[in-house]
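Those sequence lines, one after another, are chains E and D. Per this note's numbering: the first sequence = residues 1 to 301. Per this note's numbering: the second sequence = residues 1 to 213.
Among the hints, a few may not be true.
What the hints assert, rightly or not - Keeping only pairs whose Cα atoms sit at most 20 Å apart, straight-line, the calculated EDC-like set for lysine to aspartate or glutamate is:
hint, chain 1, residue 1, chain 2, residue 2
1, E, Lys60, D, Glu37
2, E, Lys60, D, Glu115
3, E, Lys60, D, Glu164
4, D, Lys204, D, Asp138
5, D, Lys108, D, Glu37
6, E, Lys31, D, Asp78
7, D, Lys181, D, Glu37
8, D, Lys8, D, Asp207
9, E, Lys60, D, Asp210
These are computed hints drawn from the structure, not numbers from a lab.
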Amino acid sequence: MEFGIKQILYLLLTLFIVLNYGLILQGIMPKIAARVGRRYGIRWYQPYLDLIKNHAKRSKITHGVMYYLGPVFRLTGGIGLLLFLPVIYGSPVFGNLSFAGDLTLVLFFQFFGVLGMALGAGESGHPHSAIGVSRGLSQVTALELPLTLGVISIAMQYHTLNISDIVAAQQGGVMNWTIVTNPFAGAALMLTFLGSMGRAPFDVVMAPQEIPIGPPTEYHSGFLGVLQLNRAIFPVAKLILFMNLLYGGATSWPELFIKTFFIYLWSVFVGVAFPRFRVDQSVRWFLGVPLLFGIIAILLI
Amino acid sequence: MSKSDLEKRTVMSPDGEPIEINPLQDYFCDARPKVHEPVLPIFEKFLNWARSESLWVLGFGTGCGAIEMRPLMTPRFDAYRFGIQWRPTPRQSSVFIISGYLSVKTLKRVIRSYEQMQNPKFVIALGSCTINGGMYWDSYNTIKRLDHYLPVDVYIAGCMPRPEAILAGFEKLKELIREGKGEGANLYAQNFDWYKANQKKIIKDWDMPDYNW
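Pulled out of the complex, with its shape left as it was, chain D reads as follows (with noise of 0.2 Å):
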């Protein structure tokens, strides 16, 4: 698809009826973000636990990061049995993990992929370059710090970190949310238009709608 598919215009129907489109409208969902509370203390309680030991994690390999994770799925490492799984949708996954630098282009699909998951959702950078650029700190296509531009739960340091280190951050996390801390979700509703700045601007084309879902 290329840019100019997605302006406004109208086009003529096989019957000969003007129709207006407007893909950006048509395509996506761009209602804002809404923050769900928690329910009662003590079934979020309960519930929270659920979450804490059913990870379903996103894999978006963004940087070298990425090398790190494949061992936690084999027989050496085995994340299985903390109840980590990965998926291969945005919908259906509960953790985000980063996993090393964010060029301009990648943070446009970093958003977009986290909008996509549903409430709640976590996120866990990995990597030095995630918490202030790391190697990449005076690069001219890298962005710094994640936390500018979606709500980080977990930073893991290290360039790269070993699996163990990952492991160790996954149980951070489920530590997180059993507290009820995990509530990125709701962070990113509540201080959305921050964020959306922050977002716009460093990706300068900005050719979607505010909100992905």
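Chain E with its partners taken away, still in its complex shape (with noise of 0.2 Å):
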């Protein structure tokens, strides 16, 4: 397909969609979180609102250029896993920019942000930023072991890099789906996929009575609105790539509602039940279980 104004206002309808969807979520998760405290939790717009609040700060100081780039870096990352996602299968238009070999591209988009923002917060000179930068690296790394195992696995089950073709195989069926036919890439995948959310047991990283909230210390006013924006629009790209690869995709927006509604869900029951790990105790955790899943998910195909 060509590449015209239209696509590029399709790709900013789907940045729209997928951004308020993000930021509801944000807003509902917590609430049912909450809720399994007997709290009344908070108010499912309340993401907006801190959204607009830390906009309407009037004051901002900067640190320098990298300081200025981190959440740039952080909100490219998030945009760019989003667009070389095909977001709706078999659309002519939510394709967005998927293309042959968008696989490995989308991995490496899972780490940009990640360092953009470890450079950006190393300038700001904070202390606590440069340990809540290398904790949260370390947790990434360790991760991304496993999840490249499970996604080499689904790639050498397929055949193809295209995640496209990947969602085509599945289709016809939940049977056909990757989490039924190639159990153990499945089961890496959504272990990752906990540490990637940010939630209990794996976000330390992020909590805000550690190592005083970790890297974002000294993000503050605008520079926080930006990575608010990123923290809404990243998990929902990470949810519809793992739809992709595992639940068959999706070929309508009300779908994939449903299924990254529960994908999401999947990591809050795990994050109520479960007391938060240590940096090393979940890095140790991500070499054991899912490796071995992923190990084994490599041997089997």
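Join the two chains into one complex using the hints; note that each chain is given alone, in its own frame.
As structure tokens, then:
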């Protein structure tokens, strides 16, 4: 399909839908977690208010160029991940920029934002930022290993690195989904998914009361607003990726909302049931059972 | 860091070149705070509504009042449903709660934390100690009226106020913000010299820049 002004408008529409869906999810999921703790929980539109509030702060201070670029890199990582995914399978317009080798690019974009954040937070000069970044990076690095093994296993299974083809191969019912046909890769991916969503038991990196809040310690006002935008977009992009890889993709927006909602709910279930890991514990955990599943998935394919 | 580390001095770099360092200037920005005027009224009204419904609290447990703030997070009081959240860093917070008496030593830290918060920022003073000294009215080591050192938006009286009273205080603060009266940060910038003179009267060993951002 040729790339024209119409395609750009559809890209922006995708971004708009995903941003709003992400913000609403951000409101609903803490509410569900709060109900488990017998609290009423935040209002579902609270993330919108926080976003407006942060952008409405009147003063901000800067620490240099990289400090500006940190949130920009982070947001680029989120938007890039989203735009290179086939969001709606079979749709000529919501396939976005997906192309033959998009799976490798998408894996790169998963890591891109974290690296940008590390550079930016490093320049802020705040010692807590630096500690937070090193803890965050070590956790992400540990979970990349089983994640990559699972993804390679799926790529070997379908003989392609094109996400659209992977989705196409899973059409025709639940029994064709990768989670059924390749359960070990599915298990490895779903376990690493827990780590990448930043919820308990793997949220010590971002936990407010630990090393105060980790990488974004020094980010405030509009900078934090940009990071919040990414925190709405990035999880949904990851949900869409996992839906495409394991659960047969989606042929319409309602199907996408239902599937991604339940995939997200999996991390919330685990989060309310288990206490936090320390970073060294979570690294060890990722290199245990999930890695084993990943290796088995590779061997069995 | 000891106090001598903050003094101005000349050090030798590894390649033998002398460098002038002045930690108070190098580590901190000491530019005076600026007054940030509100924007168009109709726009400001909307922004103020968002600000009032998204109160991020800097928890600074200065006195016994801190113990009354914890229950706000529990299922019984659950302040989150009113848009109140606790943030661990002054950079991201908009509400500063001074929870009780302030000793001279703590006042210094409070001022630094307050100045690191970004405009607009609001201060809630908790308990009688912040109004007139409370039971520490004749103490040699605590301040009596917080309003002389920081612009306070809401006082919550009591010794100590119950969590319900604190929630009511938050509601009052929301009203003030929505009416456009939560301009404490600008007030601080306008009367900067007066506030600094008051603070320096109390803090004898002033070893920081006049304004820490």
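Hints broken by the structure, by number, lowest first? Hints 3, 5 are the ones this structure does not satisfy, whereas the remaining hints hold.
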